[in-house]
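Peer 1: Sequence:
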Amino acid sequence: MNMALDEAKKAYEKDEVPVGAVIVCDGEVLAKAHNAREGNHDPTAHAEIIAIVQAAKKRGDWRFEGCEIYVSKEPCPMCAGAIQQARFDRLIFGCKDVKAGYAGS
Numbered sequence: 001m002n003m004a005l006d007e008a009k010k011a012y013e014k015d016e017v018p019v020g021a022v023i024v025c026d027g028e029v030l031a032k033a034h035n036a037r038e039g040n041h042d043p044t045a046h047a048e049i050i051a052i053v054q055a056a057k058k059r060g061d062w063r064f065e066g067c068e069i070y071v072s073k074e075p076c077p078m079c080a081g082a083i084q085q086a087r088f089d090r091l092i093f094g095c096k097d098v099k100a101g102y103a104g105s
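Counting from 1, position 15 in the sequence shown corresponds to residue 15 in UniProt numbering; the numbering is continuous, with no gaps.
For the record, the hints were derived by calculation from the structure and aren't laboratory data. Each hint should be verified, as a subset may be incorrect.
The calculated lysine-lysine pairs, modelled on DSS-like cross-linking and capped at a C-alpha distance of 25 angstroms, are [unchecked claim]: (1) K10 with K96; (2) K14 with K96; (3) K14 with K99; (4) K99 with K9; (5) K99 with K10; (6) K58 with K99; (7) K9 with K96; (8) K58 with K10.
Between beta-carbon pairs, the in silico distance windows are [unchecked claim]: (9) R63 with I92: 11 to 21 angstroms; (10) D6 with G27: 17 to 27 angstroms; (11) G39 with E65: 30 to 40 angstroms.
For glycine and all other residues, C-beta sits at the position ideal for the given N, C-alpha and C.
Let the sequences and hints guide you as you build the complete structure.
Peer 2: Encoded structure:
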């Protein structure tokens with residue numbers, strides 16, 4: 001989770017929404033990312049999506065059974081859907097998002 005928070009800080013320093021994500025499989029960090037919507041001019045450039053794409057390329061597979069994703073705050077509906085579709089075993093998030101969190105926290 002500390003790595004996800006470090007990524008969130010990078011986003012904050014770039015005037016992005018401060019969200020970071022880290023993907024871990026079998027104890028190995030496969031990808032780290034932070035929000036980049038403003039810099040990339042891309043509404044889908046959320047930390048979770050960027051990390052999933054990076055990890056899938058590194059792994060050579062889009063399925064993440066046996067893997068975990070750490071996110072600094074509760075994922076939005078788009079990211080929660082991507083996490084579910086990618087078949088992660090576990091999602092760990094640092095805090096609830098009462099405004100845009102998928103679980104309606």
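Peer 1: Please list, smallest to largest, the hint numbers that this structure does not respect.
Peer 2: 6
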